[in-house]
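Participant: So the chains spell out like this:
There are 4 protein chains.
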Amino acid sequence: MKRLTRRDNMAELQGFFYPRTAHGGSSIIPDPPWSYSGDLLTVEFRTNPERVAELLPAPLEPAPDDPGAVALIWADWQSCSTGRAELLDPVRAQYKEAFVVVRCAFAGRVYSRCVYIWVDKDFAIARGLHQGYPKKLGSMWQTRPHPFHHAAPQIAAGGVFGATLAAGDRRLAEAVVSLREESDTNGFVNSHPMAHHRVYPGIGKGAPDAFAELISSGAASVEAGPAWRGDADLRLFDSPTEELSRLEVDEVIGGYYRQVGVTWDGGTSLALGSADGWQHTTGHREGQA
Amino acid sequence: MKRLTRRDNMAELQGFFYPRTAHGGSSIIPDPPWSYSGDLLTVEFRTNPERVAELLPAPLEPAPDDPGAVALIWADWQSCSTGRAELLDPVRAQYKEAFVVVRCAFAGRVYSRCVYIWVDKDFAIARGLHQGYPKKLGSMWQTRPHPFHHAAPQIAAGGVFGATLAAGDRRLAEAVVSLREESDTNGFVNSHPMAHHRVYPGIGKGAPDAFAELISSGAASVEAGPAWRGDADLRLFDSPTEELSRLEVDEVIGGYYRQVGVTWDGGTSLALGSADGWQHTTGHREGQA
Amino acid sequence: MKRLTRRDNMAELQGFFYPRTAHGGSSIIPDPPWSYSGDLLTVEFRTNPERVAELLPAPLEPAPDDPGAVALIWADWQSCSTGRAELLDPVRAQYKEAFVVVRCAFAGRVYSRCVYIWVDKDFAIARGLHQGYPKKLGSMWQTRPHPFHHAAPQIAAGGVFGATLAAGDRRLAEAVVSLREESDTNGFVNSHPMAHHRVYPGIGKGAPDAFAELISSGAASVEAGPAWRGDADLRLFDSPTEELSRLEVDEVIGGYYRQVGVTWDGGTSLALGSADGWQHTTGHREGQA
Amino acid sequence: MKRLTRRDNMAELQGFFYPRTAHGGSSIIPDPPWSYSGDLLTVEFRTNPERVAELLPAPLEPAPDDPGAVALIWADWQSCSTGRAELLDPVRAQYKEAFVVVRCAFAGRVYSRCVYIWVDKDFAIARGLHQGYPKKLGSMWQTRPHPFHHAAPQIAAGGVFGATLAAGDRRLAEAVVSLREESDTNGFVNSHPMAHHRVYPGIGKGAPDAFAELISSGAASVEAGPAWRGDADLRLFDSPTEELSRLEVDEVIGGYYRQVGVTWDGGTSLALGSADGWQHTTGHREGQA
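Quick note, the sequences are listed as chains A, B, C and D, same order. All residue numbers for the first sequence refer to this note's numbering, where the first residue is 1 and numbers rise by one. All residue numbers for the second sequence refer to this note's numbering, where the first residue is 1 and numbers rise by one. All residue numbers for the third sequence refer to this note's numbering, where the first residue is 1 and numbers rise by one. All residue numbers for the fourth sequence refer to this note's numbering, where the first residue is 1 and numbers rise by one.
Hints are not guaranteed to be accurate.
Note that identical chains are pooled: a pair holds if it fits in a single copy or bridges any two copies.
Simulated crosslink set (EDC-like; lysine to aspartate or glutamate; CA at most 16 Å straight-line) [stated by the list, open to error]:
{"no.": "1", "residue 1": "K205", "residue 2": "D31"}
{"no.": "2", "residue 1": "K121", "residue 2": "E12"}
{"no.": "3", "residue 1": "K205", "residue 2": "D265"}
Note that these hints are calculated values from the structure, not bench results.
The whole structure should be built from the sequences, with the hints applied where relevant.
Facilitator: Structural data, given as C-alpha cells:
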C-alpha cells in the first residue's frame, strides 16, 4: 500500500472535533476541559439482571454484585469551556439530559456504563460522542428548586421533584422524587468511572466496524452540595424506537437530589476492538482504570 | 334585535380561557391565582421619549417624569396554578420570557406598560393575552446562577450574567450585566401596576375593533430576595418583523438581578373603548388603580 | 361615567392585532387577506353525539343531522399576506396544524366548529385567536407526497399517509390513511362556515367574561385539486391536560387527502353575549351566515 | 498485550450505530440502505480559492480546476429505511438541512466535500456522522413549491424561492433564487462523490486522534426531475461560533432547483490516518473512487 505524506503547504487544521478549519472557530465543541454546574435528580431501581446483561457488549461482563441495579438520572446543566464564553451566550451553555446507567465489569474492575441517553442540544451530543455516551435528542424536564416557594420546591425534607422524558413525540419516562433526609451518597450506580464504547460502523456495505474502542471516562474534579434522598416513583413507557421499558422497574431503591460542579478533562483508552477480538490499549495495564 | 336565551339542556361549559368543555379539562390555562418562582435580569436605559410615546395608544399619555426610560427584562420562570400539578410535569411549568417595559400615565396615575414581549411556551402566551401582554414566541436565554462556580456565576459582587433574545431566526437583543452591589430596588421602570390593552380586531373586513379594554394588572403578592445592581451592556438588532431597535439605547441606567416569588390573581378594568372614544369602566373611579 | 377623548397629538397606532405601534411593523399578524397553499389529511368518524354536544356552548345547538360526526384534520401549510414577503422568509410562512371539527346549528343554519386545534407557530395562534380557533401549541407531523417514490407516497390509489399529534410531550393522536379512489368531496364535517366564539375572560377576580362574540368564518376563495378517499385508522390517546380522547372513535367514516389553495378575508359577527344572554349582532338577520 | 476473547455467553449486540442492544431496537439509525425524497435549492458561487484550501485537511488537495467554487444547498427531505416504517411516523422521516460543498482532489481524482452542514433532527446527525458530514443542529427553512399559487411558487420560469439558515439563535445565511429556464445540471460543485473524514479525537488529554479515516461516499441511485436554473442572491452573516462568512461571495454563478429521489447504500474507505501519515486503505487502488 502506498504511503501518503502530508504536503508541507497544507494547513494543519484546528478544532477539537468537527468541522476542523484553518482558524479552528467552527468546531461543534471546543477542547476540554469542560466544566458544568447543575442539578441531578436520580431514581435507582432494580430490574432483571438479564435485561442489564443484554446491553453489555464485549469485552464487558456484568457487575459481580447487584447486577440488576439501574439509575435513571435527569440533569439540568449550564456548561462551558476555557474562557467561559458560553456563559454569556447561554443558548450555547444550557442543556438538559436524561440518562440510564448500569454497572459492569472489565479486567477485574467495576465500571458504570450509560446505556441510553437523551439530550436537547447539539454540543451535548458531540461531547457525548467523544465520551462514548450514546446520545439522541429528546425532550426532558425536571422540577427546579428555587428559594421562593410560590412555584418551586426546595432541596430539603418534603421537597417534591418531578421529571419527564420524551423522544419522537412519545413520553418515555416519568418520575417523582419526594426528599426525606440528607444522604451519604447520591446513589451508587453512577458512582464508578464509565466504561464506554466508541465505534464507527464500517463505511462499506455490510462491512465490519471500522473502529471500536473501549474507554474509561470520569470527572477530573467534582464539588457537590449535600445529597438528599427520599421516596421515588418511576414509570417507563413503550416506544417502537426505544427499548428503555425493557428495564422493568421490579424494585425502586430510592430517589436522590444533588447540586454539583464538575470538570471533565479526558479519559483513558482501555481496549481496541478488531476482527481478532479485543486487545488492551498499549500502555494500559490490567486493573488500571 | 332578537334576544336568544340559553337552552336549559345546553351544558354550561367549563374552563378559564379556551377551549371550554363540559368538564373543563382542556383550557390552555387554568383559573387564577397563578404562581411563579423565578429570576429576573433587568437592563434599564433611556431612549428618545418620542420613541416611547409612539408606542402609547389612546387613552394613555407619556409618563410625566423620565418619559424615555425603558426596561428590558429577561425572566426564567417556573409557574403553577392551584394544586401545583404543573410542578411535577415541568414541561407545563417552566418557561422563559424577555419583555420591554415603559411607563405611561392614565387618569392622573403613572403605570408601567409592556410594549413588546416574547415567550417560549403556549400557556405563557395565553396568560399574557388575558393580562394584555402582547406575547409572541421567541428564543431567549439568560445565564443561571448556581452554588457551584464551575460553569455559573453567583448572585453577588462580580457575578456576570448574559442574556439573549431571538425571534424568527434573528437575534434581537443581547445584554451583559456585571453585578457590583446590593440595591434598594430592582429598577424603577417596571415598578408600577401595568396599564395594558386587550383588543379583538373586528371580524368583518375593514371593521373597527370588536372589543377594546384598558386594564390594570399587577401581582397579588411578591416575595423577593435582595436586589443586586451593576453595569450593563445592551445591544439591540434590526429585524424586518420587529421594531425593538427603534428604542435606541442612548444611555444605560443600570443592570439588576433579583430572585422572586409572585402570585397573580386578577386585575382591574379601567376603561372600555368604542367608536365614541374611551369611557371609564363602570365602578372605576378616576384615580383608582 | 366620564368620557375620555383621544388627544389629537397621540399617534394613531398601526398594526392588525398586537403589538400596535406608530409604524405598524411589529404586529404578530398583518392585515387580511391571508393566503394559504397546503395539503389536508382528514379522518372522519362518528362518536357518541353527547360527546359532541358537551362541547357546544350557548347559543349553539347540535347539528340536526348526524350530530356525532367528527373530523380530525392535519394540515401542512405555507401561508402569506399581501405582498407575499413571508414566502421568501419561510420561517414566517410555513406551519403545521391538527384540528378537530364537529357540526352544530345556530339560528336555523348548520355550521362547522373547531373544538380543538394545535399548531406549531405563533402567527398561526394569532390568526386563530382572531378567527375563534382555540389554538394551542403542539407537535404534528404528516407524510408528504413527492413525485419520487423513494421515501414518499403519491396522491393516488395505494398512497399511504400517516399523521401524528403530540402536545406537552404526550402523543394525542395517530392516523393512517390509505387512498383508494378519487372522491367527490374532501369529507363533509368541515364543509360549512365555522361558528366560533371569541372570548376574553373578565380581568377581575371571579368576574364574568368581559367579551363574548359568536362569529362565522370561512374562506373567501378556495381552489382545490382532486379529493381522494380511502380507508383510515385513527387512535386517540389520553392526556391529563386534554380531552380529545373523550371523542371515542365508534365508527370510522373514511379518510381523505386534498391539496388546496385558500384565501381568508374576514368573517361575520353573528351574536354578542352578555349577562342577559345572547343577542344577534346588529345588522345580522336570522338565517344569514 | 493481553488478548481478550469474547465470552460465548455474551450476547452479540444488534443495531447499526448506537446504542446497540440485544434486540437492536434502539439504534439512532437503522441499517442502510437509506432512501430520500426531497427538494434541493442550490446557490453556487466563487470565493477566494485560499478560503477553500484552508478547509481541506490532509491528505486532500485543492481541485485543479475552479478551486474557489462553492455550493450552498438547502434540502427539504422525507427519508426512510427498509420497510418504510418512518413514513407513517413522519417525525422520524422529515428533516431539513443546509450544507456547504466545495471540491477537492485526492489520488488524482476530483471529489466534492461538505465543509459545513446544519440539520434539524438527530437521525440526520447520526447518518451524517457515519458518512463524514460535520453535522450540527440549526434552523433552516426554504420556500416550498405547491400546485396552488395562493402562497407558493411553482418549479417553473418565474418561480421565486427563498431560504434561510440560523444556528445558535443567529442568522447565518439567506438566499433568493428566481428560476428562469430548465437546466442540464443542478449545479456542478456537488456533482462528484464526496471525500469526507471520519475522526475520533483521542480520549486522553492532549492525545492525538484515536481514529482518522478518509472515505468516499455517494448515492447508490438517484432519480431526478428537471433541473431549473436562474438568478441567485446570497448573503452570509458572521457568528462567533461559525466561519461560514469567510467564504465571501465574490461572484454568484447561479441558482438551481430540483426534486430528487435518492438511495444511499454505503461508501468506500480511501485511506487511514495515523501518526505516520496517511495510507491507502487495503484493497483500495489509486484512482479508484
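Participant: What hints, given by number in increasing order, does this structure fail?
Facilitator: The structure conflicts with hint 2 only, although it agrees with all the remaining ones.
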